[in-house]
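Number of protein chains: 2
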Amino acid sequence: MDHACLSKDLACFLAEGIKPGVPYWLNPEESHHLKNVLRLKAGEKLALLDLEGREYLGKVLKIDKAGVLVKAESLLRYEEPLKPKLIFLLPLLKKDWLSFLVEKAVELGVYEVIPVLTERTVVKPGPNLTAKLEKRARQSLKQCRRLWPLHIKEPLPLSKAAKITADLKVFAYERESQKTLAETLKTSLKVKSACFITGPEGGFSRQEAALLLKHQFKPAGLGHLILRAETAALYLMCVAHFNLFLQKS
Amino acid sequence: MDHACLSKDLACFLAEGIKPGVPYWLNPEESHHLKNVLRLKAGEKLALLDLEGREYLGKVLKIDKAGVLVKAESLLRYEEPLKPKLIFLLPLLKKDWLSFLVEKAVELGVYEVIPVLTERTVVKPGPNLTAKLEKRARQSLKQCRRLWPLHIKEPLPLSKAAKITADLKVFAYERESQKTLAETLKTSLKVKSACFITGPEGGFSRQEAALLLKHQFKPAGLGHLILRAETAALYLMCVAHFNLFLQKS
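The listed protein sequences derive, respectively, from chains A and B.
For the first sequence, the numbering used here begins at 1 and goes up steadily by one.
For the second sequence, the numbering used here begins at 1 and goes up steadily by one.
Next up, chain A with everything else stripped away, as it sits in the complex (with noise of 0.2 Å):
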C-alpha cells in the first residue's frame, strides 16, 4: 500500500506491453495527456502501467513533434487478475448512463461489460459506442490506477447476449422475491467467473425474463422499491465486488 500511495502522487500513463529499462513510445492519446494537458517536461517522473499487471516508475527520456518517449525504470506494485471475473451484460441507456456505468465497472473490479440490446431499448448503440466506452474505461483506470484492462465487447442482442458462459448468472428482475440475491451471493464465493444483467428503463418483458431463466440466469429482486436502470446496474455491481472480492478477503 505504501507503494500505491506514493505513485498517487506521479501521473500515470497507460504503456500497454512495456518492458522495464526499454524506451517506450507513448500512444497519440497519452502523448497529448502528457504534452498538453499535465505538460511535464523530459526527465520527469511519472507512472506507468503495462497492463498486465504491473504499474512501473519511469521517466520521460524526450519529447518531441514524433511523440513521447519514456522509460520503466522500477516496479511498483504488480497484481493477480482479480477473481472471479465479473462479467456485467449492460442495456445502453439514455443520456450516457451506459458510459457512467462503464466507468464505475473499472472502479469496482468488473472484468467484462458486453452492452446488450432488448426489447424495451430504447437507445441505439452509434457506430462509435465501442470505442466511446473504452476511451472512458481508459480514463477511469487511470484514475483509479487499477492495473488490468475492463473488457469492452461489442453490443450482443439479448437472445445471443444470454448464452454466455460463466458459473454463476444473476438477472435483476423486480417481480422477485427479495430474498434471492443474498442467498444466491452466499452460496456462490468459489465461483470462478459471475455475469450480471440488469435491464433498460421499462426493464425486462415476461418473454425475456423466461429466455433468461432458460439460460440458467437466476432472478434476484433488489428491494421493494422501483430502482431507476442505472441505479440496479450499480447496485449489482456494488454488491458483488462486496461479497466476491472484499467479504472473501
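Honestly, I wouldn't trust all of these hints.
It does not matter which identical chain is meant; a pair holds if it fits inside one copy or across any two.
Cut-off 25 Å, straight-line C-alpha distance, at most; resulting in silico cross-link-like pairs (DSS-like, lysine-lysine) [to be verified]:
1. K8 <-> K95
2. K142 <-> K83
3. K94 <-> K8
4. K192 <-> K62
5. K153 <-> K163
6. K95 <-> K135
7. K142 <-> K95
8. K186 <-> K83
9. K19 <-> K41
10. K132 <-> K35
11. K71 <-> K41
12. K160 <-> K94
13. K214 <-> K190
14. K214 <-> K132
15. K94 <-> K132
16. K124 <-> K71
17. K85 <-> K132
18. K124 <-> K163
19. K83 <-> K190
20. K135 <-> K94
21. K62 <-> K142
22. K132 <-> K95
23. K65 <-> K45
No wet-lab data here; the hints were simulated from the structure.
For chain A, the structure is supplied; the task is to place chain B on it using the hints.
Relative to the frame of chain A, chain B by itself:
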C-alpha cells in the same frame, strides 16, 4: 406487490397528510406537474402518497386557477418505515454529484442525509442547497414510489456532524484494510440506526480520521482501487441496503 404494480400505471403525486374521502388541494409544485406536465383532467384516476407510509388510489376533483383539488378514495398499500434508519453524512462534491447521491439515497431507502463540510471540501454550499436537494429527493421519491420521505438536513462542519448518535457508525477510509466493512456489517444486523460517512474528492485528512475514530466511527476500506468520491458514497449505500435490508428480510 400487485397493488404496487397497479399503481405504477397511474401518475403519482405527493399529498402530505392527505386523508381518505377528504378533498385535498395539491401544493403548487404538484399542481403544476399534474396540470402542465402530465395534463391530467378532472375525473382522472391518480396515485397519492401521504408521506406517512400510505399510497392511495384517488381522483382529480377539479382543476381551476385556485389549484388542483384531489381526493384519496382507497388505500393501495401501507408500509412501515424501513429499519434500521440509515443516515448518510455526504460530502459536497463537484458537478452536482451530491444531488445525484440524494436521488440514489431515496431509491436505496436511506432515512436521512446530512451534507458535511470537511477540510478538503472545495465546493461551497449555496444558499438554496437544502431546497434544491429536497426537490430532487421528492422527484426521486415519486419515481421509485417510496412511501416515507428522505430527511435532508442543513450542511454541518465535520466537527459537529461527527457527534451524531447512531448504533453503528462507519467511515470510508482508504488506508484501512479491506476486511472491516464486511465484519462490521455482519455483526450489525440488529442495529436500529446506522450512520455512514464518506469523504470529498481527496478524502479525509489524518486529523479528520482521528476525529471520526474518537467519535466511534469505525474505519472501513472499500477495496484496493481508488474509488471516486461519489462512487464511495454510492458503494456504502448499496452495501448497507443489501446487508441491512435485503439480507435479513
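Now the hints, each set against the structure:
For the homomeric pair K8 and K95, the shortest alpha-carbon distance between copies (23 Å) is at most 25 Å, but the shortest distance inside one copy (31 Å) is not. In this homomeric assembly, K142 and K83 come within 25 Å of each other (Cα to Cα) only inside a single copy, at 21 Å, whereas the closest approach across copies is 39 Å. In this homomeric assembly, K94 and K8 come within 25 Å of each other (Cα to Cα) only across copies, at 21 Å, whereas the closest approach inside a single copy is 34 Å. In this assembly of identical chains, K192 and K62 lie within 25 Å of each other by CA distance neither inside one copy nor across copies; the values are 43 Å within and 60 Å between.
Only within a single protomer do K153 and K163 lie at most 25 Å apart by alpha-carbon distance; the minimum there is 15 Å, versus 48 Å between protomers. For a Cα distance limit of 25 Å, the shortest separation of K95 from K135 qualifies both inside one copy, at 17 Å, and across copies, at 20 Å. Within a single copy, K142 and K95 get their C-alpha atoms as close as 24 Å, and across copies as close as 20 Å, so both meet the 25 Å cut-off. In this assembly of identical chains, K186 and K83 lie within 25 Å of each other by CA distance both inside one copy and across copies; the values are 16 Å within and 22 Å between.
In this assembly of identical chains, the alpha carbons of K19 and K41 lie at most 25 Å apart only when taken from the same copy (21 Å versus 70 Å across copies). Taking the closest pair of Cα atoms, K132 and K35 come within 25 Å of each other only inside a single copy of the chain (22 Å); across copies the shortest separation is 40 Å, beyond that limit. In the homo-oligomer, the alpha carbons of K71 and K41 lie at most 25 Å apart inside one protomer (14 Å), although the nearest pairing across protomers, at 70 Å, exceeds that limit. In this homomeric assembly, K160 and K94 come within 25 Å of each other (Cα to Cα) only inside a single copy, at 22 Å, whereas the closest approach across copies is 40 Å.
With identical chains, the CA atoms of K214 and K190 are at most 25 Å apart within one copy only, with a shortest distance of 23 Å there and 38 Å across copies. Within a single copy, K214 and K132 get their C-alpha atoms no closer than 33 Å, and across copies no closer than 46 Å, so neither meets the 25 Å cut-off. In this assembly of identical chains, the alpha carbons of K94 and K132 lie at most 25 Å apart whether taken from the same copy (15 Å) or from different copies (23 Å). Neither within a single protomer nor between protomers do K124 and K71 lie at most 25 Å apart by alpha-carbon distance, with minima of 42 Å and 42 Å respectively.
Taking CA atoms no more than 25 Å apart as the test, K85 paired with K132 passes inside one copy only; the shortest distance there is 23 Å, against 40 Å between copies. Proximity of K124 and K163 under a CA criterion of 25 Å is satisfied intra-copy only: 22 Å inside one chain copy versus 50 Å between copies. When the C-alpha separation of K83 and K190 is checked against a cutoff of 25 Å, the pair qualifies only within one copy, where the shortest distance is 9 Å, while the shortest distance between copies is 31 Å. In this assembly of identical chains, the alpha carbons of K135 and K94 lie at most 25 Å apart whether taken from the same copy (19 Å) or from different copies (22 Å).
Taking CA atoms no more than 25 Å apart as the test, K62 paired with K142 passes inside one copy only; the shortest distance there is 22 Å, against 57 Å between copies. In the homo-oligomer, the alpha carbons of K132 and K95 lie at most 25 Å apart both inside one protomer (14 Å) and across protomers (21 Å), since each shortest distance falls under that limit. In the homo-oligomer, the alpha carbons of K65 and K45 lie at most 25 Å apart inside one protomer (20 Å), although the nearest pairing across protomers, at 68 Å, exceeds that limit.
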